[in-house]
Amino acid sequence: MTSPLLIGIDGGGTSTMTWLADASGRILGRGLAGPSNVKTVGPVAARWALDQSIALAFAESGLTQRPVDAACLGLAGFDRAADRELLNSWNVESGWTNHLVFANDGELVIAAGTPDGWGLGVIAGTGSIAVGRTADGRSARAGGWGPLLGDEGSGYAVALQALRMVARRFDGRDNRPHPADALTDQLCHALGIDSPTRLVAAIYSPDCDRARIAALAADVLAAAEDDPEIERVLLEPAGRELAEAVAAVARTLGWPDGHVNLAMAGGFLLASNSVSSSLLAHLRKLGYQVETTYVNQPVKGALLLAQRSLSQT
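With the UniProt record's numbering, letter number 281 in the sequence shown gets 281, and the count goes up by one each step, no holes.
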């Protein structure tokens, strides 16, 4: 008889990470592929990323790929009924697992980063979302509306604002001197151009997708070291936006103030002390005493949820 196997998947707008484990949670293999947010990359690319990351995890483990006993898919953009029907059909066709567990990417963070698997979670990477879960299983969310309707406080939103700031500065619309500044230099270098006059060609190129723009957030953070205005105009407001989303979730779940556990994740949020400090400061102003956990690997939460599901079957 073969030993039970589990899969945990964390998929978003930048990458898809799969962990393959045994029933005890011991990691046997890892697989990393491209983005799997169907709302931004489409169903073909999203499914390819899922198939690829699972195949790579099996390859690293040295095991022959087969349907695992339980798999938790924590995927940005896949948490509505029609999305789950699509994932169920892909699972039948690709044979990922005998038991599929659905979670949004925020639920992974709560599972991995709160003491008892309930509390609040916030993610700010390519996109952003706040989520919450109570001890009795009630849940709520705020944000996660995508780049056109929301994603405030995300790497994409901040990078886009920074690009607009460069354009305004170059035009002289903010009464700054015309010569290049740290932000302009940093973003032009990252895009491989020598002047803001080439921004239109670079940003509207078919190769410059949402993930590429979001990646520029790292360059914004680097420029902020030499330009205090970036922190004041871009980073601190991003933290406040995230705090408002977290507070909205907390109020929905009946926590208007007081002590809360908050799991924080996402490449942009974890890379910026300015954003995270602003987030926590604003929550304190709103009356919350926050105990934080930084979650570097949300996929761990997916594996925990798969493991819990297996124990309940």
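What the hints contain is simulated information worked out from the structure, not anything from laboratory work. It cannot be assumed that every hint is accurate.
Unchecked claim - Label pairs and their in silico Cβ distance ranges:
1. Trp-145 / Ala-281: 48 to 58 Å
2. Leu-148 / Gly-62: 16 to 26 Å
3. Trp-145 / Gly-258: 22 to 32 Å
As the list claims (entries may be wrong) - Dumping the calculated EDC-like pairs for lysine to aspartate or glutamate here, alpha-carbon to alpha-carbon at most 16 Å:
4. Lys-39 / Asp-83
5. Lys-285 / Asp-209
6. Lys-39 / Asp-257
7. Lys-39 / Asp-69
8. Lys-285 / Asp-227
For glycine and all other residues, C-beta sits at the position ideal for the given N, C-alpha and C.
Against the structure, the hints come out as follows:
no.	hint	in the structure
1	Trp-145 / Ala-281: 48 to 58 Å	violated, 24 Å
2	Leu-148 / Gly-62: 16 to 26 Å	violated, 44 Å
3	Trp-145 / Gly-258: 22 to 32 Å	holds, 28 Å
4	Lys-39 / Asp-83	holds, 10 Å
5	Lys-285 / Asp-209	violated, 37 Å
6	Lys-39 / Asp-257	violated, 34 Å
7	Lys-39 / Asp-69	violated, 28 Å
8	Lys-285 / Asp-227	violated, 26 Å
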